[in-house]
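Peer 1: Sequence:
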Amino acid sequence: MRHATQFANRLSRDRAGNILPIAAIGLLVGALVIGSAVDLGRTYLAQQQLQAACDAGVLAGRRAVTTNGFDEAARKSANAFFFTNYNDNAQSSRSTTFTLSTPDDGNTVTATATTVLDTLLMRVFLKDSFNISVECASSMGVGNADVMMVLDTTGSMAFSLGNTTRIAALRSAMKNFYNTMTSATSGSNARVRYGFVPFSSTVNVGRLLTDLDTRYLVDNRTVQSRIYEPDDDRDNDSYDSWNVYSSTAYRNNYCDNRVPGDDSYTDTSSGSSRYVRRKQYACRSSGNRYYIYWRYAYRPYVMRYRPVAYDMTAYKAFSSVRTPIGSSGANQNITWGGCIEERSTVNQATFSYSPTTGITPRAALDLDLDSRPDVNNDATKWAPMIPQLSYTRWNDRGSYTTSSPMYDGEQAGIYCPVPARLLGEMSKSAFDQYTDSLTAVGGTYLDIGMIWGGRMISPQGMWGDLVNDEPRNGGEVARHVIFMTDGEMEPNIYIPQAWGIEFWDRRVTTDGSSGDRARHTQRFLATCEAIKDKGIRVWVIAFTSGLSTDLTTCASDASSYTATSASELNSAFQEIAKQVGELRVVE
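Going by numbering that gives the first Met the number 0, 547 is the number at position 548 of the sequence shown; the sequence numbering is gapless.
Read the hints as simulated data drawn from the structure, not as lab findings.
Ideal Cβ positions, reconstructed from N, Cα and C, are used throughout, including at glycine.
Honestly, I wouldn't trust all of these hints.
Stated by the list, open to error - Below are the BS3-like pairs computed for lysine-lysine, each with C-alpha atoms no more than 25 Å apart in a straight line: (1) Lys533 to Lys577; (2) Lys174 to Lys577; (3) Lys531 to Lys577; (4) Lys577 to Lys75; (5) Lys427 to Lys577; (6) Lys75 to Lys427.
As the list claims (entries may be wrong) - Pair by pair, the computed Cβ-Cβ distance ranges are: (7) Glu487 to Ala72: 30 to 40 Å; (8) Asp218 to Gly161: 45 to 55 Å; (9) Thr113 to Asp70: 17 to 27 Å; (10) Glu574 to Asn394: 51 to 61 Å; (11) Ser187 to Asp532: 23 to 33 Å; (12) Gln410 to Asp310: 40 to 50 Å; (13) Asp510 to Asp395: 16 to 26 Å.
Using the sequences and the hints given, assemble the complete structure.
Peer 2: Right, here's the structure in full:
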């Protein structure tokens with residue numbers, strides 16, 4: 000050891016040949032610098048790729064979360080995305096791990112990703128590898144959102160679907176949608192409001208309209224109905240009768256002071272025939288009794304099926320109205336359920352919308368989403384649709400007819416969905432209660448549902464003050480229409496619906512039938528375009544039916560889904576919730 004030290008001391012004092020050791024030291028320093036730059040650069044790139052893959056993994060895992068929470072399927076999805084985006088061979092790394100966790104059963108998904116990167120040049124300096132670790136998290140944080148659910152509640156929604164029914168599957172999917180949105184807003188000041196338009200052959204918006212102004216509904220409406228009335232086509236029947244009276248008043252009125260002629264008394268209560276007049280032919284007396292000979296003239300009454308004008312004033316006040324439509328004109332107590340007939344339209348074949356001209360033709364007020372009625376113009380108003388008043392009719396050969404036959408008709412279908420609901424914040428119990436109230440009844444009129452969904456969420460419409468009400472947090476509001484249907488347009492010309500009973504009223508067609516479906520479809524598509532032009536995103540779910548071109552055209556870009564089962568319907572609602580809820584990476 001002493002010899003080595005002495006040698007080192009002599010070497011340090013030796014000034015000859017200094018270039019070589021200096022060069023050697025410089026070479027080592029250069030190698031260290033270059034090696035560090037290369038390996039540190041590789042480490043930085045690997046870390047960036049690891050972070051990107053980690054973010055992709057937790058996003059995929061959060062998106063895969065369903066009502067089952069962060070289950071095995073969600074874990075597999077997260078892992079698949081991570082390892083697709085991070086490849087050890089490409090990064091020259093090894094022993095990569097991806098460890099997932101969730102503190103709240105899937106609302107937030109967190110992960111830690113680690114890998115080992117072997118050095119290329121730094122191993123010369125005994126640095127064989129770098130351990131790299133990143134963290135990531137994904138959550139769904141909902142901003143302010145208005146969600147208008149336009150829901151097909153037609154009769155086919157009562158059909159069986161596996162061990163449940165279509166309507167029950169819809170109720171379940173809606174509740175899960177609410178739960179997902181609620182979890183996403185937990186602990187935030189975001190405002191989420193819900194509105195609903197259940198539709199079938201019409202919509203139930205009567206109370207919403209009367210709350211605005213009862214004058215928005217007409218006071219008189221002609222309905223395809225039936226009425227018990229005199230048969231003017233038949234001769235009057237008559238019979239004679241002697242009546243015996245003991246009152247002096249009768250002697251004075253009918254014997255002493257009256258010339259024989261028509262009596263003013265008219266009976267209105269005697270069954271299927273009512274005498275409309277009686278005529279005095281003779282009067283004689285015997286003691287205190289007076290015998291008056293009358294001839295009674297009767298006019299037969301019949302039930303005739305034809306258009307009947309009704310005073311709607313009491314109906315639109317939701318009063319019980321005694322209405323003479325029963326057997327032999329008997330009164331029935333009828334209360335309006337709230338469903339409506341649309342305002343004035345035109346029965347032409349084509350309808351369209353453009354941002355510059357709006358709806359064409361302009362005379363189609365049924366497609367006007369924003370204008371309030373003119374209280375002095377019935378054409379601009381809606382009418383109560385009272386299916387209990389509606390009757391169809393046919394001739395003696397059993398064919399539907401536009402004439403007014405007697406005794407040839409039947410009660411039209413009574414189809415009226417549950418009342419629509421304006422936008423509002425809802426508790427879980429209130430949301431569930433409304434969802435459970437949905438029932439399946441009526442025909443499939445896609446246009447009437449979309450028309451009223453648009454009216455009720457339009458910032459420029461009749462409920463614009465509500466729609467434009469600013470949230471307390473002052474943020475922007477994203478607006479969405481979720482349109483769910485289990486079938487294509489399927490109008491029925493023989494049932495009461497939003498445009499009357501088409502075979503007789505002919506508000507959509509010119510002959511009662513031709514082109515009915517196509518014309519309703521034109522209305523539907525024009526309305527979809529008008530809604531989207533307001534900056535509202537339209538989502539469409541085709542449930543147990545194909546996603547037709549009409550439905551995809553109606554939907555906003557990348558906003559349409561198909562569902563053939565209850566689980567797929569739930570998944571579709573969940574996918575929409577995740578996009579309404581703005582799924583994102585969080586710090």
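Peer 1: Next, verify each hint and record whether it holds.
Peer 2: Tested hints:
1. Lys533 to Lys577: Distance ~22 Å between lysine 533 and lysine 577 Cα, so the pair holds.
2. Lys174 to Lys577: Status holds; Cα separation ~15 Å.
3. Lys531 to Lys577: This hinted pair holds, its Cα atoms lying about 20 Å apart.
4. Lys577 to Lys75: Since the Cα atoms of lysine 577 and lysine 75 sit roughly 19 Å apart, the hinted pair holds (cutoff 25 Å).
5. Lys427 to Lys577: 19 Å, holds
6. Lys75 to Lys427: Not OK: lysine 75 and lysine 427 at ~31 Å, beyond 25 Å, violated.
7. Glu487 to Ala72: 30 to 40 Å: 32 Å, holds
8. Asp218 to Gly161: 45 to 55 Å: 49 Å, holds
9. Thr113 to Asp70: 17 to 27 Å: 24 Å, holds
10. Glu574 to Asn394: 51 to 61 Å: Because 53 Å falls inside the window, the suggested range holds.
11. Ser187 to Asp532: 23 to 33 Å: Hint holds: Cβ distance 30 Å, inside 23 to 33 Å.
12. Gln410 to Asp310: 40 to 50 Å: 21 Å, violated
13. Asp510 to Asp395: 16 to 26 Å: 22 Å, holds
Violated hints, in rising order: 6, 12; the structure is consistent with all others.
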